[in-house]
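Participant: Letter by letter, the chains look like this.
4 protein chains.
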Amino acid sequence: MSTEEKKTGRACGEQWWTTDIIEMRPGMIRLRGYAIEELIGRVSFPAMIWLMLRGELPSEEQADLLGIALSAAVDHGPQAPSIAIARMAATCGVGINSAMASAINVLGDVHGGAGEQALEFFGGIAAAMDGGATLRQAVRDRLDHFFATEKGYVPGLGHRFHPVDPRAPRLLDVTRDFSARGVVAGRFADIAEAVEAEVERRKGKKIPLNIDGATAVIYGELGFPPPLTRGLFVLSRSVGILAHAWEQSQRRERNKGPLPREWLWAYEGTPARGLE
Amino acid sequence: MSTEEKKTGRACGEQWWTTDIIEMRPGMIRLRGYAIEELIGRVSFPAMIWLMLRGELPSEEQADLLGIALSAAVDHGPQAPSIAIARMAATCGVGINSAMASAINVLGDVHGGAGEQALEFFGGIAAAMDGGATLRQAVRDRLDHFFATEKGYVPGLGHRFHPVDPRAPRLLDVTRDFSARGVVAGRFADIAEAVEAEVERRKGKKIPLNIDGATAVIYGELGFPPPLTRGLFVLSRSVGILAHAWEQSQRRERNKGPLPREWLWAYEGTPARGLE
Amino acid sequence: MSTEEKKTGRACGEQWWTTDIIEMRPGMIRLRGYAIEELIGRVSFPAMIWLMLRGELPSEEQADLLGIALSAAVDHGPQAPSIAIARMAATCGVGINSAMASAINVLGDVHGGAGEQALEFFGGIAAAMDGGATLRQAVRDRLDHFFATEKGYVPGLGHRFHPVDPRAPRLLDVTRDFSARGVVAGRFADIAEAVEAEVERRKGKKIPLNIDGATAVIYGELGFPPPLTRGLFVLSRSVGILAHAWEQSQRRERNKGPLPREWLWAYEGTPARGLE
Amino acid sequence: MSTEEKKTGRACGEQWWTTDIIEMRPGMIRLRGYAIEELIGRVSFPAMIWLMLRGELPSEEQADLLGIALSAAVDHGPQAPSIAIARMAATCGVGINSAMASAINVLGDVHGGAGEQALEFFGGIAAAMDGGATLRQAVRDRLDHFFATEKGYVPGLGHRFHPVDPRAPRLLDVTRDFSARGVVAGRFADIAEAVEAEVERRKGKKIPLNIDGATAVIYGELGFPPPLTRGLFVLSRSVGILAHAWEQSQRRERNKGPLPREWLWAYEGTPARGLE
Chain A
16 MSTEEKKTGR
26 ACGEQWWTTD
36 IIEMRPGMIR
46 LRGYAIEELI
56 GRVSFPAMIW
66 LMLRGELPSE
76 EQADLLGIAL
86 SAAVDHGPQA
96 PSIAIARMAA
106 TCGVGINSAM
116 ASAINVLGDV
126 HGGAGEQALE
136 FFGGIAAAMD
146 GGATLRQAVR
156 DRLDHFFATE
166 KGYVPGLGHR
176 FHPVDPRAPR
186 LLDVTRDFSA
196 RGVVAGRFAD
206 IAEAVEAEVE
216 RRKGKKIPLN
226 IDGATAVIYG
236 ELGFPPPLTR
246 GLFVLSRSVG
256 ILAHAWEQSQ
266 RRERNKGPLP
276 REWLWAYEGT
286 PARGLE
Chain B
16 MSTEEKKTGR
26 ACGEQWWTTD
36 IIEMRPGMIR
46 LRGYAIEELI
56 GRVSFPAMIW
66 LMLRGELPSE
76 EQADLLGIAL
86 SAAVDHGPQA
96 PSIAIARMAA
106 TCGVGINSAM
116 ASAINVLGDV
126 HGGAGEQALE
136 FFGGIAAAMD
146 GGATLRQAVR
156 DRLDHFFATE
166 KGYVPGLGHR
176 FHPVDPRAPR
186 LLDVTRDFSA
196 RGVVAGRFAD
206 IAEAVEAEVE
216 RRKGKKIPLN
226 IDGATAVIYG
236 ELGFPPPLTR
246 GLFVLSRSVG
256 ILAHAWEQSQ
266 RRERNKGPLP
276 REWLWAYEGT
286 PARGLE
Chain C
16 MSTEEKKTGR
26 ACGEQWWTTD
36 IIEMRPGMIR
46 LRGYAIEELI
56 GRVSFPAMIW
66 LMLRGELPSE
76 EQADLLGIAL
86 SAAVDHGPQA
96 PSIAIARMAA
106 TCGVGINSAM
116 ASAINVLGDV
126 HGGAGEQALE
136 FFGGIAAAMD
146 GGATLRQAVR
156 DRLDHFFATE
166 KGYVPGLGHR
176 FHPVDPRAPR
186 LLDVTRDFSA
196 RGVVAGRFAD
206 IAEAVEAEVE
216 RRKGKKIPLN
226 IDGATAVIYG
236 ELGFPPPLTR
246 GLFVLSRSVG
256 ILAHAWEQSQ
266 RRERNKGPLP
276 REWLWAYEGT
286 PARGLE
Chain D
16 MSTEEKKTGR
26 ACGEQWWTTD
36 IIEMRPGMIR
46 LRGYAIEELI
56 GRVSFPAMIW
66 LMLRGELPSE
76 EQADLLGIAL
86 SAAVDHGPQA
96 PSIAIARMAA
106 TCGVGINSAM
116 ASAINVLGDV
126 HGGAGEQALE
136 FFGGIAAAMD
146 GGATLRQAVR
156 DRLDHFFATE
166 KGYVPGLGHR
176 FHPVDPRAPR
186 LLDVTRDFSA
196 RGVVAGRFAD
206 IAEAVEAEVE
216 RRKGKKIPLN
226 IDGATAVIYG
236 ELGFPPPLTR
246 GLFVLSRSVG
256 ILAHAWEQSQ
266 RRERNKGPLP
276 REWLWAYEGT
286 PARGLE
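Protein chains in written order, with this note's numbering: chain A, 16 to 291; chain B, 16 to 291; chain C, 16 to 291; chain D, 16 to 291.
Honestly, the hints are just simulated from the structure, not real lab data. If you're wondering where the values come from, they're calculated on a predicted model, not measured in any experiment. Be a bit skeptical, because a hint or two may be false.
Note that identical chains are pooled: a pair holds if it fits in a single copy or bridges any two copies.
Straight-line Cα separation of at most 20 Å, SDA-like style, residue types lysine to any residue; simulated pairs [unchecked claim]: (1) Lys-220 - Gly-48; (2) Lys-166 - Arg-267; (3) Lys-220 - Arg-191; (4) Lys-166 - Gly-108; (5) Lys-221 - Gln-265; (6) Lys-221 - Gly-238; (7) Lys-218 - Ala-148; (8) Lys-221 - Gly-48; (9) Lys-220 - Pro-286; (10) Lys-221 - Pro-41; (11) Lys-221 - Thr-285; (12) Lys-218 - Gln-30; (13) Lys-221 - Met-43; (14) Lys-218 - Glu-76; (15) Lys-220 - Gly-42; (16) Lys-220 - Pro-240; (17) Lys-218 - Arg-202.
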């Protein structure tokens with residue numbers, strides 16, 4: 016048998032799918048090196064999430080803090096497109112998995128990406144501090160750059176509905192508690208508050224931290240890279256998506272549209288015409 | 016090299032994915048045996064759809080009739096969950112393919128399955144006729160069975176919004192034209208009209224054929240199996256889904272919810288309470 | 016203003032979207048009646064999942080057991096279509112939310128429904144016991160019915176890959192522990208073991224409980240209705256889906272196909288032919 | 016009744032969903048101003064697609080050319096992630112619409128965006144020509160810029176599998192035919208060929224136009240904006256996705272994985288270890 020044949024055989028097929036996450040043989044499942052039957056009952060669900068994503072088990076306190084961030088963002092009601100979609104999909108004759116998929120699918124750059132953007136923003140400030148800048152200077156430089164070249168709202172601050180998002184100050188308090196107990200450094204909490212203060216100084220009014228900024232603080236403290244935090248948000252919001260899809264599915268509505276059934280939409284296009 | 020090794024090599028991998036649809040080699044693409052460069056410019060888009068799904072090319076007239084059915088169901092406005100979802104998704108920061116996917120995903124048993132159910136219903140009557148029953152008797156037997164054991168509306172009849180769906184009589188007329196020209200037999204048109212008449216006789220009022228019944232007639236005339244007609248409906252409605260996603264994407268709204276922004280939803284759950 | 020106008024105004028719009036899950040006003044978010052800032056930091060992530068789905072908070076032990084079931088099913092490797100799809104999608108230029116959605120979407124009746132079916136099966140036996148049957152008789156009757164009228168494998172038993180699924184006996188042991196501590200009744204564990212024993216008696220060989228049967232036991236003990244357990248499986252498997260999508264996204268592959276790139280698929284359709 | 020109340024009533028709800036595409040009243044459906052019953056049977060499926068997306072009916076020849084481009088890209092076999100996903104999804108117990116949705120969802124920037132990128136590239140050259148540059152100069156400037164600042168392959172050229180993609184030269188020939196008959200100007204065909212020639216001059220070898228470049232030529236000739244061409248590609252590839260999902264669904268496989276069932280994947284992660 017030639018070496019080339021070996022390379023194109025079963026070994027090559029198996030090599031095409033490689034992973035560091037899971038090892039299996041008949042009767043054996045290992046996640047990140049741990050036998051599944053050892054993990055079951057000994058690690059919490061947030062710890063399992065952490066292990067799967069990071070490759071190592073967190074401390075119990077780290078897992079607790081992750082669970083807190085995951086719990087905070089589960090739902091924001093049916094005005095959120097994702098929740099409305101889950102409910103509408105549940106009336107269309109698809110499984111609950113598909114209702115969830117249609118909803119999760121829209122947690123994109125705009126609907127699901129704000130936390131990622133906030134962590135990128137805070138992380139840039141942290142990197143400047145690693146390079147020797149003071150917190151104050153790093154925040155000022157980043158905001159100078161932001162107002163000079165970027166548009167819109169400072170990532171992680173402000174909310175179009177809540178004057179103060181009740182989740183954000185509570186999450187900051189919790190982070191401070193974990194920091195006081197030595198679980199995390201508190202650095203991202205410092206950064207977020209410094210950004211908030213500096214924006215207030217410049218704008219003359221407070222634009223408070225929002226849920227995306229607050230969860231970004233926690234994910235940053237725990238060492239998650241920004242793009243992965245979108246995935247964490249998906250895990251979190253999936254809970255609300257499931258709850259709403261489930262509630263709706265109990266109601267026997269069919270093909271639920273966005274408006275009361277007797278209402279239509281406004282047509283503003285070309286008036287009635289014939290084919291020449 | 017053992018025979019077993021041969022079976023688990025590259026040949027085995029390639030055998031895992033088999034298809035009758037497409038053959039490829041570098042510089043060569045054949046669909047159902049035809050070189051792609053021969054098909055391009057010589058067969059219409061509906062003919063290509065037919066070839067891919069059925070394995071043989073249709074006559075030009077058959078392709079025309081398929082195209083007519085596909086064109087008839089492209090849109091029914093943003094009160095349809097699929098269209099609303101496409102528009103909402105387009106504001107959430109995902110690609111137009113993902114906005115389309117979230118929408119297409121909800122064309123399930125309830126939202127997308129009515130044509131399939133109508134064709135099953137009409138097809139059962141056709142089968143009874145193949146077994147020797149007259150049209151009249153086959154329709155009566157099927158409706159006897161329906162009213163005795165099944166629930167809800169007779170498949171293919173009635174519409175919750177349109178007293179008469181303007182698409183249905185037009186599609187029947189077109190089918191009659193194609194039948195007169197010998198393209199199709201007209202049998203499913205006969206069946207649909209006989210069902211409509213018998214239901215009117217029993218109910219004392221006309222419940223007219225709807226779009227799902229009318230397209231089921233055409234797909235039945237053309238020999239498509241019922242479950243495949245849901246796929247044809249997806250191809251058709253995808254056009255409206257794309258048009259609405261595209262229109263919405265030009266409007267710069269962000270995270271469009273189902274209701275005007277200043278409206279919320281009605282909360283009817285447990286009143287405010289504390290954690291003991 | 017007429018009463019009718021009132022009904023078609025803002026109140027009617029808000030009434031179109033009703034929920035028992037979440038209440039919001041500017042600066043206020045309540046989930047199932049609890050202020051979000053009270054929940055944050057005081058309930059675990061599994062407890063939050065329970066609250067959202069069931070409307071009441073579980074005991075700490077109930078939440079722990081739910082978390083154990085959720086942790087057990089997070090991954091079964093890239094031979095599972097959902098995991099393979101997540102990895103392939105991650106190479107196609109879509110966000111991680113969309114890679115997850117394409118994968119979650121396939122957790123349908125076959126891929127994601129086994130736990131639901133197992134709980135329906137065990138629940139039927141529990142209902143017979145509520146009606147006065149002994150465990151032994153209820154199991155025998157249900158299996159008589161199954162072998163007489165249904166097809167395939169007994170729900171919750173057997174695995175095409177694992178002779179004994181290492182997750183199942185461990186989950187049963189854990190359930191017994193929680194039962195010994197009075198958290199759950201242990202009734203579904205009894206039922207599952209009785210089914211396993213009776214099938215062994217009839218078949219002459221043991222077909223051991225699988226992961227779907229074992230998680231069905233736990234969800235049954237905790238009082239979840241069968242169709243909701245598919246949603247719980249989605250939450251669980253989403254963790255593995257995210258982990259694999261994330262790992263794959265770090266690898267810079269583009270448009271990853273199912274087989275090594277130099278392999279094709281086997282074409283078995285119509286040989287090459289020309290257009291007449 | 017106050018003005019404010021009027022604004023927040025039914026009119027406001029209906030205004031929240033506005034569209035130029037479809038107008039409906041009971042018994043009436045108009046698309047872009049045309050009564051649906053007038054369109055049915057009188058416009059081809061590609062013409063309907065054009066009308067829905069652009070707002071006006073195309074000429075018959077324009078519709079034909081659109082149909083040709085749509086037909087050319089329907090399938091590229093199961094090594095494409097979208098097709099493999101459609102087939103795998105079809106074995107997981109979801110409807111054909113959901114199998115299609117999981118597949119369409121991955122036609123993202125990498126898998127579905129090449130045509131869009133090619134049309135952006137060619138369109139930039141066309142814009143330079145509108146500004147007074149010669150074809151030759153505009154192509155050189157654009158390529159200078161590309162090689163100086165962008166990475167990877169020139170959009171629309173080259174294929175990792177086909178030395179010459181058999182679809183591309185055929186589509187160019189067809190475009191030239193339509194140009195000779197005055198249907199289109201032929202400008203994008205000129206641009207594509209000039210780009211191909213200039214790249215050959217610089218690289219010393221021909222990197223031929225691919226399917227994405229060739230369909231971009233046609234969509235450019237027909238006046239479609241680049242981001243909409245991704246939507247057109249979705250409509251086109253949906254045909255292959257449906258054909259493969261349908262073929263697979265006839266085969267009774269369950270949970271089809273990416274590799275032959277007896278093969279696993281290669282685990283390359285942390286070796287087996289215990290929980291301390």
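Participant: When no copy is specified for Lys-166 and Gly-108, does a C-alpha distance of 20 Å or less occur within a copy, between copies, both, or neither?
Facilitator: The answer is between: 16 Å across copies meets 20 Å, while 42 Å in one copy does not.
Participant: Treating 20 Å as the Cα threshold, decide for Lys-218 and Arg-202: within, between, both or neither.
Facilitator: neither (24 Å within a copy, 51 Å between copies)
Participant: For Lys-166 vs Arg-267, is the C-alpha pair at or below 20 Å within one copy, between two copies, both, or neither?
Facilitator: between (45 Å within a copy, 14 Å between copies)
Participant: With identical chains treated as interchangeable, where does the CA-CA distance between Lys-220 and Arg-191 reach 20 Å or less: within a copy, between copies, both, or neither?
Facilitator: neither (24 Å within a copy, 58 Å between copies)
Participant: What label fits Lys-218 with Glu-76 when the C-alpha limit is 20 Å: within, between, both, or neither?
Facilitator: neither (37 Å within a copy, 49 Å between copies)
Participant: Cα distance capped at 20 Å. Does Lys-220 pair with Gly-42 within a copy, between copies, both, or neither?
Facilitator: Between. Shortest inter-copy distance 17 Å satisfies the 20 Å Cα cut-off; intra-copy 62 Å does not.
Participant: As a check of your reading, is Lys-221 near Gly-238 (CA-CA no more than 20 Å) within one copy, between copies, both or neither?
Facilitator: So Lys-221 and Gly-238 fail the 20 Å test inside a copy (28 Å) and across (47 Å) alike.
Participant: Treating 20 Å as the Cα threshold, decide for Lys-221 and Pro-41: within, between, both or neither.
Facilitator: between (59 Å within a copy, 16 Å between copies)
Participant: Evaluate Lys-220 and Pro-240 at a C-alpha cut-off of 20 Å and name the case that applies: within, between, both or neither.
Facilitator: neither (31 Å within a copy, 42 Å between copies)
Participant: State whether the alpha carbon distance between Lys-221 and Gly-48 is at most 20 Å within one copy, between copies, both, or neither.
Facilitator: neither (48 Å within a copy, 29 Å between copies)
Participant: Please work out whether the CA atoms of Lys-221 and Thr-285 approach to 20 Å or closer within one copy, between two copies, in both situations, or in neither?
Facilitator: neither (46 Å within a copy, 34 Å between copies)
Participant: Have a look at Lys-220 and Gly-48 and pick one of within, between, both or neither, based on CA distance no larger than 20 Å.
Facilitator: neither (52 Å within a copy, 32 Å between copies)
Hint compliance for this structure: hints 1, 3, 5, 6, 7, 8, 9, 11, 12, 14, 16 and 17 are not met, and every other hint is.
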